[in-house]
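Participant: Sequence:
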Amino acid sequence: MTPRTFLVLAGATAVGLVAALSATIVQSRIGADVQLYDEPMFPRLVERANDASKITYRTATETAVIELKDGVWRNSGKYGYPVSAGNIRSVIASIAALRKLEPKTDQPNRYASLAVEGITAEMARSRELIIEAADGTLLASVVLGRASNTMTFDPLGGMYVRVPGNPRAWLVRGTVALPPSAVDWMERQIVHVPGPDIKTLQIKENGQIVLNTEKETDQSGVVRYQLVPRDERIQAADSAVKQVASAIVSLQFEDVRPGSMLQFPDNARELIFTTFGGMTLTAQVADIDGKTWARFKATAAPGAADTERTRQIAAATDGWLFQMPGFKVPAFTRAIAELTEPKQQPGQGPGLPGGMGLPPNLLPGGIGRPGLALPPPPVPGGR
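In the working numbering, the protein residues as written are 2 to 384.
Mixed in with the good hints there might be a few duds.
To be verified - Pairs of lysine-lysine, DSSO-like flavour, derived with a Cα cap of 27 Å:
{"#": "1", "residue 1": "Lys70", "residue 2": "Lys200"}
{"#": "2", "residue 1": "Lys55", "residue 2": "Lys101"}
{"#": "3", "residue 1": "Lys243", "residue 2": "Lys101"}
{"#": "4", "residue 1": "Lys200", "residue 2": "Lys216"}
{"#": "5", "residue 1": "Lys200", "residue 2": "Lys243"}
{"#": "6", "residue 1": "Lys200", "residue 2": "Lys298"}
{"#": "7", "residue 1": "Lys243", "residue 2": "Lys205"}
{"#": "8", "residue 1": "Lys205", "residue 2": "Lys292"}
{"#": "9", "residue 1": "Lys205", "residue 2": "Lys298"}
{"#": "10", "residue 1": "Lys216", "residue 2": "Lys243"}
{"#": "11", "residue 1": "Lys344", "residue 2": "Lys216"}
{"#": "12", "residue 1": "Lys298", "residue 2": "Lys216"}
{"#": "13", "residue 1": "Lys55", "residue 2": "Lys70"}
{"#": "14", "residue 1": "Lys243", "residue 2": "Lys292"}
{"#": "15", "residue 1": "Lys243", "residue 2": "Lys298"}
{"#": "16", "residue 1": "Lys298", "residue 2": "Lys70"}
{"#": "17", "residue 1": "Lys101", "residue 2": "Lys205"}
{"#": "18", "residue 1": "Lys205", "residue 2": "Lys216"}
These aren't lab readings, by the way, just hints derived from the structure by calculation.
Build out the structure end to end from the sequences listed, making use of the hints.
Facilitator: Have a look at this one:
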């Protein structure tokens with residue numbers, strides 16, 4: 002099913018559900034001294050949802066322009082990075098499903114109470130959406146306000162809206178859930194490799210291998226990272242290495258740039274992961290202007306089990322640089338000195354702190370040394 006076909010079906014389904022509920026909802030408000038409506042808020046969008054090709058999203062603090070190009074929705078303000086088609090389908094279908102219910106205020110000084118003020122108003126909470134067809138036809142333009150507290154009985158809910166340039170606000174049946182910010186319209190998760198899938202982890206600095214590890218299962222069934230090759234004195238600090246491996250678990254970016262836009266240093270740190278499914282994922286990370294940026298390369302041999310995962314990661318990352326979220330930065334940049342630890346020598350154990358011994362003539366558990374008798378037990382009735 003194509004994205005456009007989905008929009009038509011989703012819009013038709015939503016409108017059908019609303020129509021089925023119309024009589025019941027209107028009857029419940031007959032007693033109110035208001036004029037009630039039951040008609041599409043944006044009839045042109047209902048008729049031409051299939052033609053939607055551009056969405057402009059604006060708030061008081063940010064703007065996103067999203068356009069359909071060659072069958073892919075892209076964020077023009079982020080250099081054409083792909084946008085979640087699921088988000089687009091949901092938003093267009095839910096706006097097409099909005100139906101007028103009750104006219105509200107036309108007084109600008111009361112807009113703020115409904116959150117339908119213009120986005121340039123002081124402390125504006127509203128969100129504005131403009132949906133256009135490829136030929137420039139305006140399909141819908143709406144200021145989305147807050148949810149209605151009086152429509153909780155309606156399974157579709159209700160909210161307040163206003164058409165820009167029109168003073169009248171409306172209570173409509175239906176709600177529109179938008180991504181929380183402009184960046185969230187995009188496909189932010191670019192890499193997801195669960196920890197158990199990782200087979201080896203290697204780190205390079207200045208082109209030289211400074212850490213080389215692989216997973217090993219010991220005799221008790223515990224899986225831990227080991228150095229390659231093994232070392233008699235030190236071993237991989239398993240918990241620290243696993244924290245580095247967590248860098249590529251559910252990884253989402255904060256910002257994105259074309260690969261040619263930033264000067265990436267030649268000596269950037271490289272983290273090279275391989276999976277049990279045959280994928281090799283290289284992440285290069287560097288601090289640029291006080292932010293941590295990364296670029297990725299995913300490859301797999303023909304027929305590898307991770308071929309599809311490799312394809313998805315490559316499609317999301319090839320040719321792009323990504324700003325890493327703050328909570329992921331420590332995993333990408335952890336110091337090499339923290340990734341190894343001394344081996345425990347045979348006969349050594351946690352014991353007591355260095356320099357401390359047991360009291361003389363006493364063994365653990367209060368057992369005396371051989372030849373030293375314990376005090377005899379008291380004699381019943383004795384003194």
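Participant: Sort out which numbered hints this structure fails and list those numbers smallest first.
Facilitator: Hints 1, 3, 17 are the ones this structure does not satisfy, whereas the remaining hints hold.
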